[in-house]
Amino acid sequence: MSAEFYYGVEVFLNGLMAGVMYSLVALGFVLIFKSSGVFNYAQGVMALFAALTLVGLQSGQVPFSHLINAIFGTNLHHFGWHVPALLAIVLSVGVMILFAMLVEKLVLKHLVNQEPIILFMATIGLAYFMEGFGDLMWGSEIKKLDVGIPQGGNMWVEQTTAFLGGDDFYGFYIDTLDIVAAVVAGLLVASLVVFSQYTKTGRALRAVADDHQAALSVGISLRAIWVIVWSIAGFVALVAGIMWGSKSGVQFSLSLIALKALPVLMLGGFTSIPGAIVGGLIIGVGEKMFEFLIGGPYLGGATENWFAYVLALVFLVFRPQGLFGEKIIERV
Numbered sequence: 001m002s003a004e005f006y007y008g009v010e011v012f013l014n015g016l017m018a019g020v021m022y023s024l025v026a027l028g029f030v031l032i033f034k035s036s037g038v039f040n041y042a043q044g045v046m047a048l049f050a051a052l053t054l055v056g057l058q059s060g061q062v063p064f065s066h067l068i069n070a071i072f073g074t075n076l077h078h079f080g081w082h083v084p085a086l087l088a089i090v091l092s093v094g095v096m097i098l099f100a101m102l103v104e105k106l107v108l109k110h111l112v113n114q115e116p117i118i119l120f121m122a123t124i125g126l127a128y129f130m131e132g133f134g135d136l137m138w139g140s141e142i143k144k145l146d147v148g149i150p151q152g153g154n155m156w157v158e159q160t161t162a163f164l165g166g167d168d169f170y171g172f173y174i175d176t177l178d179i180v181a182a183v184v185a186g187l188l189v190a191s192l193v194v195f196s197q198y199t200k201t202g203r204a205l206r207a208v209a210d211d212h213q214a215a216l217s218v219g220i221s222l223r224a225i226w227v228i229v230w231s232i233a234g235f236v237a238l239v240a241g242i243m244w245g246s247k248s249g250v251q252f253s254l255s256l257i258a259l260k261a262l263p264v265l266m267l268g269g270f271t272s273i274p275g276a277i278v279g280g281l282i283i284g285v286g287e288k289m290f291e292f293l294i295g296g297p298y299l300g301g302a303t304e305n306w307f308a309y310v311l312a313l314v315f316l317v318f319r320p321q322g323l324f325g326e327k328i329i330e331r332v
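If you count the sequence shown from 1, position 314 lands on 314 in the working numbering, and the numbers rise without skipping.
Simulated from the structure, these hints should not be mistaken for lab results. Careful: at least some of the hints might be erroneous.
[Stated by the list, open to error] Heads up, simulated SDA-like pairs for lysine to any residue below, C-alpha to C-alpha not over 25 angstroms straight-line: (1) K105 <-> L119; (2) K143 <-> F252; (3) K144 <-> V93; (4) K105 <-> L91.
[Stated by the list, open to error] Just the calculated beta-carbon pair ranges, DEER-fashion: (5) Y298 <-> A190: 39 to 45 angstroms; (6) A190 <-> N75: 47 to 53 angstroms; (7) V183 <-> M121: 36 to 42 angstroms; (8) S221 <-> T74: 42 to 48 angstroms.
A virtual CB, placed ideally from N, CA and C, is assigned to each residue, including glycine.
Can you build the whole structure from these sequences, using the hints too?
In structure tokens:
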């Protein structure tokens with residue numbers, strides 16, 4: 001087979017890897033929507049804030065240093081130490097749990113039994129607040145995130161596949177970071193499925209999603225459930241922030257990765273954890289292969305920017321609940 005064919009296979013594989021990265025963001029949306037029926041507009045900003053916090057802790061940056069220096073006329077930016085990556089990740093998880101508790105205490109507690117649109121608007125306000133708070137706390141400059149995940153083409157994959165295409169083919173180029181992200185996403189999805197299906201807390205999450213009042217009547221604490229689900233979503237946001245931040249740096253445009261998750265949710269379904277992965281893979285492969293086969297040769301390129309949304313629009317017309325979503329049946 002020709003080298004061009006194997007290059008197409010490489011594009012396909014890189015599409016799978018890109019889809020996994022999209023799925024990591026979509027998982028956070030699914031978790032909160034599945035347990036509360038609320039589309040969390042702030043999920044992308046949560047990934048940004050988690051990554052900013054991780055970099056700040058790891059580098060020993062002084063929080064609110066710009067504000068402190070402006071008020072007191074000092075020049076303080078770093079404490080002078082560096083925190084190991086694993087410890088910084090653990091501390092960042094603690095920060096996201098604290099964030100979940102504050103969200104429940106200050107926002108969600110006052111919006112019990114409100115219409116979903118009210119809760120959605122609350123998450124919009126939360127997103128802009130977190131973005132501004134993150135800027136004030138850690139600064140707006142682009143930061144390098146390094147937690148020890150290797151990057152660049154995986155030499156083992158290249159060497160073991162180089163023989164396929166003869167002298168004109170040098171093996172598949174797949175970023176090691178993408179392979180790590182795929183493994184992490186697989187473990188994360190498996191853990192979340194087991195948690196939601198086979199644990200008492202997971203079943204309580206589903207009960208709250210079905211009916212808040214009924215869940216309260218059987219002794220399920222709505223406030224505790226919301227803290228748990230927002231904590232898990234915060235952890236997922238941290239994982240997504242680590243992977244995306246390691247790939248492209250921690251910058252405020254990182255919050256826009258939420259836009260890439262929307263087509264994934266429309267394809268996989270807003271309530272399906274496995275659907276988030278399958279939808280991400282379809283979007284990732286679809287946009288890469290469309291660019292390779294049609295966009296580049298015939299449309300001048302740049303089709304990756306809009307292909308996913310066109311595909312999502314088709315699904316909205318013909319299967320609005322997505323591939324794995326639950327069909328909503330309303331009483332008349």
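Go ahead and decide if the range 39 to 45 angstroms is satisfied by the Cβ distance of Y298 to A190.
-> 40 angstroms, holds
Does L91 lie within 25 angstroms of K105 when you go C-alpha to C-alpha?
-> The given pair, whose Cα atoms are some 21 angstroms apart, holds under the 25 angstroms limit.
Holds or violated: K143 with F252, Cα cutoff 25 angstroms?
-> OK: K143 and F252 at ~10 angstroms, within 25 angstroms.
25 angstroms Cα cutoff - pair K105, L119 | Holds. K105 to L119 sits at ~14 angstroms (cutoff 25 angstroms).
For the range 36 to 42 angstroms, tell me whether the beta carbons of V183 and M121 fit it or not.
-> Because 37 angstroms falls inside the window, the suggested range holds.
Is the distance from the Cβ of S221 to the Cβ of T74 consistent with 42 to 48 angstroms?
-> For S221 and T74 the Cβ distance comes to about 45 angstroms; the hint holds.
Within a Cα-Cα threshold of 25 angstroms, do K144 and V93 meet the stated pairing?
-> 19 angstroms, holds
Given the range 47 to 53 angstroms, decide if the beta-carbon distance of A190 to N75 lies inside it.
-> 48 angstroms, holds
The structure meets every hint from the earlier list without exception.
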